[in-house]
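Colleague: Each chain, letter by letter, is given below.
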Amino acid sequence: MMLDVAWWIIGVGLAFDLLGCVGLIRLPDVYNRAQAATKCVTLGTCMLLLGVAFVGFSGTSVPMGIKALICAAFVLLTSPVGAHAICRGAYLSGVKLWPESVEDAFGPRADQIQQQPTQKGAADREETKAP
Amino acid sequence: MKWLLCLFLVFALWMLLMWSLDPLVIGTGAFFALLVGTYLGDIYPEQLHKVFSPKRWLFFILYVPYFLYYCVRANLDVAFRVLHPDVPIRPGIVRIRTTLTGDMAKTFLANSITLTPGTLTIDIDGQDLYIHCINVPPGDIAKRSREICGTFEPLLRRIFE
Amino acid sequence: MSCLELIAFAVLLLSAVLCLYRIGRGPTAPDRAVSIDILGTLIVGFCCIMALATGRDYYMNIAIAWALISFVATLALAKYLEGRSYDA
Numbered sequence: 001m002m003l004d005v006a007w008w009i010i011g012v013g014l015a016f017d018l019l020g021c022v023g024l025i026r027l028p029d030v031y032n033r034a035q036a037a038t039k040c041v042t043l044g045t046c047m048l049l050l051g052v053a054f055v056g057f058s059g060t061s062v063p064m065g066i067k068a069l070i071c072a073a074f075v076l077l078t079s080p081v082g083a084h085a086i087c088r089g090a091y092l093s094g095v096k097l098w099p100e101s102v103e104d105a106f107g108p109r110a111d112q113i114q115q116q117p118t119q120k121g122a123a124d125r126e127e128t129k130a131p
Numbered sequence: 001m002k003w004l005l006c007l008f009l010v011f012a013l014w015m016l017l018m019w020s021l022d023p024l025v026i027g028t029g030a031f032f033a034l035l036v037g038t039y040l041g042d043i044y045p046e047q048l049h050k051v052f053s054p055k056r057w058l059f060f061i062l063y064v065p066y067f068l069y070y071c072v073r074a075n076l077d078v079a080f081r082v083l084h085p086d087v088p089i090r091p092g093i094v095r096i097r098t099t100l101t102g103d104m105a106k107t108f109l110a111n112s113i114t115l116t117p118g119t120l121t122i123d124i125d126g127q128d129l130y131i132h133c134i135n136v137p138p139g140d141i142a143k144r145s146r147e148i149c150g151t152f153e154p155l156l157r158r159i160f161e
Numbered sequence: 001m002s003c004l005e006l007i008a009f010a011v012l013l014l015s016a017v018l019c020l021y022r023i024g025r026g027p028t029a030p031d032r033a034v035s036i037d038i039l040g041t042l043i044v045g046f047c048c049i050m051a052l053a054t055g056r057d058y059y060m061n062i063a064i065a066w067a068l069i070s071f072v073a074t075l076a077l078a079k080y081l082e083g084r085s086y087d088a
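Chains as they are written, first to last, in this note's numbering: chain S, 1 to 131; chain A, 1 to 161; chain E, 1 to 88.
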């Protein structure tokens, strides 16, 4: 009974994984791809881990279940941060939005970020100039 | 106080991962918890004592199923858009305002937004969030803010502030 | 190894092939970075199906380590794309 529930959860997770990767192929630009892929693959993998936790707690081995839950928490916390960092990096490195996008409110802020020098970089330049 | 809490959290994580009461395991865990707590304790968030408030835990437990519901809805939405032959998207980056102030609260708000319907946080600047939407909602800043982060703000304020 | 586990491996392998296609074709560098991030998350999925198939729990240790290291790698790639100092 528990095993059936676990395999249903794993099956739904696998379907989400596959859909996320199809999104990676079909959508037009980096930002849309990151959206589809991050959402679907994060939830899919979390469901896989949840299924493994079910199997573990229903008798196979309790440590496996606990590790699966801890890993699910890690994936859920780190994956959106990674997608955010890559999208910010993509915008600042000059990747344009898809031409049919309707709005772009980030342009002025990106210019502002690129103009201010980083403190570390400025300090390094000072040091090399000094002697 | 904060040092003790860090120590306890690291040690608890170690014991959960190892899942045995061997004295050698406990000794190694205690040694590394001491090391990590002493050298890396200052990067933990301030006001860690909030961990012990039961009211916050209650709201956190309420928050998890609420968040999972929106997360599954987001995935079905994205799956529909991906499988539709015309790929019906209308992407764009919008700016919204949040009323949350704490760092932890804003981090969790940004993560929740990234995992919910058709939105991805690109940058946070004080109270402003820059969001990439797969399907831009109509209206001005106030209306969009209510629509995108209004669902999470009340609960997150009670958990983290 | 049962039939269900084989199907699970096949689906994950198909997803990984789609990711590899995007890594090979991706017109810009961020495309490839996103695909590498996704591939890391898929490998965590592989590890947990392996744990189910063999019944050994050390595969979950691999999964945890892989999740954390792929996160650090993604952040480093993103910082590199920004083209700025690594401290900011």
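Hints in this document: simulated from the structure, not taken from any laboratory.
Please note that a few of the clues may not be correct.
What the hints assert, rightly or not - According to the in silico footprint, chain S covers these stretches of chain E (three or more CB under 8 Å from chain S): (1) 22 to 31; (2) 72 to 78.
Claimed, not checked - Under 10 Å between C-beta atoms, here's a sample of chain E residues computed to sit facing chain S: (3) L6; (4) T41; (5) N61.
We put the CB at the ideal spot given by N, CA and C, even for glycine.
Colleague: Each hint: holds or not?
Modeller: Checked hints:
Given a C-beta distance limit of less than 8 Å, the hint that chain S covers the region 22 to 31 of chain E holds, as 5 residues qualify and 3 suffice. Counting residues of the region 72 to 78 of chain E whose CB lies closer than 8 Å to any CB of chain S gives 4, which reaches the minimum of 3, so the coverage claim holds. With a least beta-carbon distance of about 12 Å to chain S, the hint placing L6/E at the interface is violated under the 10 Å criterion. Using the Cβ-Cβ criterion of 10 Å, the hint placing T41/E at the interface with chain S is satisfied: the shortest such distance is roughly 5 Å.
About 7 Å separates the beta-carbon of N61/E from the nearest beta-carbon of chain S, less than 10 Å, and the hint is met.
Of the numbered hints given earlier, the model fails hint 3 alone.
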